[in-house]
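Trainee: In the order they appear, the protein sequences are chains A and B. Going by full-length UniProt numbering, the residue at position 100 of the first sequence is 100; the numbering climbs one at a time, nothing skipped. Going by full-length UniProt numbering, the residue at position 82 of the second sequence is 82; the numbering climbs one at a time, nothing skipped.
For the record, the hints were derived by calculation from the structure and aren't laboratory data. Certain hints may be false.
Listed next, with one range per pair, are the computed distances between beta-carbon atoms [unchecked claim]: (1) B:Glu348 / A:Glu262: 48 to 56 Å; (2) B:Leu120 / A:Leu119: 34 to 42 Å; (3) B:Asp340 / A:Glu262: 51 to 59 Å; (4) B:Lys334 / A:Gly178: 35 to 43 Å; (5) A:Glu262 / B:Lys352: 30 to 38 Å; (6) B:Ser127 / A:Val169: 32 to 40 Å; (7) B:Pro44 / A:Arg25: 48 to 56 Å; (8) A:Gly168 / B:Lys273: 32 to 40 Å; (9) A:Ala291 / B:Arg36: 26 to 34 Å; (10) A:Thr297 / B:Thr385: 51 to 59 Å; (11) A:Val169 / B:Lys199: 36 to 44 Å.
Chain A residues, not near chain B, derived (Cβ > 12 Å throughout) [stated by the list, open to error]: (12) Gln73; (13) Pro114; (14) Ala145; (15) Ser148.
For each residue, glycine too, the CB sits at the ideal point set by N, CA and C.
Here is what each chain is made of, one letter per residue.
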Amino acid sequence: MAANYWDSTQAKHFTYTKSELASLRSSLLYNSNNNNNNNANKHPPLPETRHLAIYMQTHLTKFARRQTNIRQQALATAQIYLKRFYLCVDLRKTNPYLLMATALYLACKMEETPLHIRLMLGEAARQWPELGVSETGRLGECEFALISTLRSRLILHHPYRSLGELQGVFGLGTEEQGLAHSIINDSFATDLALLYPPHIIAITAIFLAVVLRPTGGLPAGLAAHSSSPAVSSSAAQSALAGFGGLKQSGPKLGKLVDWLAESKVDMEAIVDATQEMVSLYECWEGYSERAVREAITKMMREGAVK
Amino acid sequence: MDATPYAPQRHINDHYDIVGFISSGTYGRVYKAVSRRTPNQPAPVVKHPSGRTIEAFAIKKFKPDKEGAELQYTGISQSAIREMALCTELSHPALIHLVEIILESKCIFMVFEYAEHDLLQIIHHHSLLPRTPIPASTLRSCMYQLLSGLLYLHQNWVIHRDLKPANIMVTSSGAIKIGDLGLARLFYKPLHALFSGDKVVVTIWYRAPELLLGSRHYTPAIDLWAVGCIFAELMSLRPIFKGEEAKQDSKKAVPFQRNQMGKIGEVLGLPRKSEWPLLQAMPEYPNLQTVSMHNPSVNRPVTLQKWYRNTIVNSNYHVQTSPPPDDSALDLLKKLLEYDPLKRLTAEQALKHPYFLGADGTGKPPGSDCFEGLATKYPARKVSTEAHEIATGSLPGTKRSGLPDDSLLRGPPQKKMRDG
């Protein structure tokens, strides 16, 4: 478990193939639509999936950094709890803001940095006026639902640990390290954590960081800015191109490629994860926070009428 | 709109029949149960991952965090969250097996495989007059299994932090099962110092000297000290360092445990810089000097050697039928009750100690049945059957230093449980 990812509940119960994820999600939609035959309109449409993921990722990050000073590890844990939860429960039947607050509340306890339930709810209500919940009992009830749905499998393995371990191996500088860290933070807006072991995500982030940094394509401070992606889409694209030809092959990149060739790391997974990140950054360019917020508000309102 | 369309998938009373009440503690209550039988259907068979059938269950019901006229969700305690998460994640033959967790009507039920005995109960049985020693083979197997389970925990970055005889279960087939992970926690790169989370860990008699001296960054070595205390207790049938706990004062400052430190000092003498180089860095080091003023006998310690000899002599071992452990036991004990946590044996080192290897001449480590070759049978766990409904009318979660047990009692069914 904590020492061995391969024996963990994360590896055994919460790692999927892409087609498994797709069929889980489509059966969720199918079931909810069929259970509501009395309602002619059925459920309101969901916001675009990727944009929704970016919305949740950026909102949680803002909440954690600016309002409650929640540590990155607890934030990451909360994000995974939400992803797992929404594989079992249709988003449209829930109050996403309450779920976000509850996931953070539980994750903080799990990562041994607890916040009081009242504080958590108060801050959440301040951050998200749409929350509409003022009794702590509702958050406590939601915690029960969350734990029950996750079947008490709450211990997680994050890529940050692999990043820390590999930093020395690849001789990463502070900037590359920081960039890789931010790319991992961004990865929580994708399905990568449900698809691959943490070290794959860490190596992907390192790869992207090493390829991108020497090109200087990064505006300073962008990576540190919590609600923007760490990497611009065009830079990410060029990184992907670099994968094949390794045009910018610097000494560090060469070392990384050699290491990967000798290791037993699943290269196909790395390539795919890199592609996922690149398309995330593409998608991010067309992202409008307002559109998603309005879609969620509409969804919650129509859900309430039902 | 509703937050979550939550309804529990399983109901505790649909699946289990409560046989009786076992015990209560700071965490809540424990009941013995069997699979539910209905007139038409045989009870479902629940299997352990290893394939054996689980005959009986121990159901731990977490008691409420707060008392109030109306039941409501108040947030699950950190302790319950830890235990739920760790028991779900971990699996080892020397660890109590979790069957399932049911969250229902604001209560948490953790369903474990039942164990007939625990080390405290076995110690009590042997201390009944006429006192008889725990046979050397049982002792050796108990310790070996305990250390194997502990090695597994430590390899997985888990410190137990509450090892004591009552928390170590023994099945009727002689297998040791470490239980009660309510204080256990992961220690891989903690975000905060371990100390800042729980100011007080480990029951006082089993608390390691570095904890008594206020160490902020303790290690798995604290579990090995507790194992040393348990080892001694299994031999002498009484706690080796039976001190009195100084209670926390109103200012919430953690008091120096002078009495407990004195009890350790009576046997081992007080720790010295020469044996424990980092001793002076301990926050309570200045207080250490005050121990001998209150308890002068720490200046003429018994020594572990003499404690061991006295124990062997007074334990009614019988050379032919029940010989005492050999002197490698003393050596192991000394190395577990080592003041300096850096020098104290690790679980891995302890398992390789000669005590476990050569003693019976076979060179093989002890087996996984600590009752092997015993003629005597230990009495079964006491289960009170007077009132045994599992009432769901209380709140989830608990703090380790929770309410007195009676505060749980609310209605007539629970009242009967107290009487029983």
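Trainee: Confirm or reject each hint.
Mentor: Each hint, compared with the structure:
The hinted range of 48 to 56 Å is not satisfied by Glu348 of chain B and Glu262 of chain A, whose Cβ atoms lie roughly 31 Å apart. The beta-carbon spacing between Leu120 of chain B and Leu119 of chain A, approximately 40 Å, falls within the hinted interval of 34 to 42 Å. A beta carbon spacing of about 42 Å between Asp340 of chain B and Glu262 of chain A contradicts the range 51 to 59 Å that was offered as a hint. Checked against the hint of 35 to 43 Å, the C-beta distance between Lys334 of chain B and Gly178 of chain A comes to roughly 49 Å, which is inconsistent with it.
One distance hint, 30 to 38 Å for the beta-carbon pair Glu262 of chain A and Lys352 of chain B, holds here, with the actual separation near 34 Å. Distance hint check: the CB atoms of Ser127 of chain B and Val169 of chain A are about 57 Å apart, inconsistent with the given range 32 to 40 Å. Under the hint 48 to 56 Å, the C-beta atoms of Pro44 of chain B and Arg25 of chain A, about 32 Å apart, miss the expected range. Distance hint for Gly168 of chain A and Lys273 of chain B: a CB-CB separation of about 36 Å, consistent with the stated range 32 to 40 Å.
At roughly 52 Å, the beta-carbon separation of Ala291 of chain A and Arg36 of chain B lies outside the given 26 to 34 Å, and the hint is violated. In this structure, Thr297 of chain A and Thr385 of chain B meet the distance hint of 51 to 59 Å, their C-beta atoms being roughly 56 Å apart. A beta carbon spacing of about 39 Å between Val169 of chain A and Lys199 of chain B agrees with the range 36 to 44 Å that was offered as a hint. With a minimum CB-CB distance of about 6 Å to chain B, Gln73 of chain A fails to clear the 12 Å threshold, and the non-interface call is violated.
Not every C-beta of chain B lies more than 12 Å from that of Pro114 of chain A, the closest at about 6 Å, which undercuts listing it as non-interface. Listed as outside the interface, Ala145 of chain A is inconsistent with that label: its C-beta sits roughly 4 Å from the nearest C-beta of chain B, within the 12 Å cut-off. Non-interface call for Ser148 of chain A relative to chain B: violated, since the shortest CB-CB distance, roughly 5 Å, does not exceed 12 Å.
Hints 1, 3, 4, 6, 7, 9, 12, 13, 14 and 15 from the earlier list are contradicted by this structure; the remaining hints agree with it.
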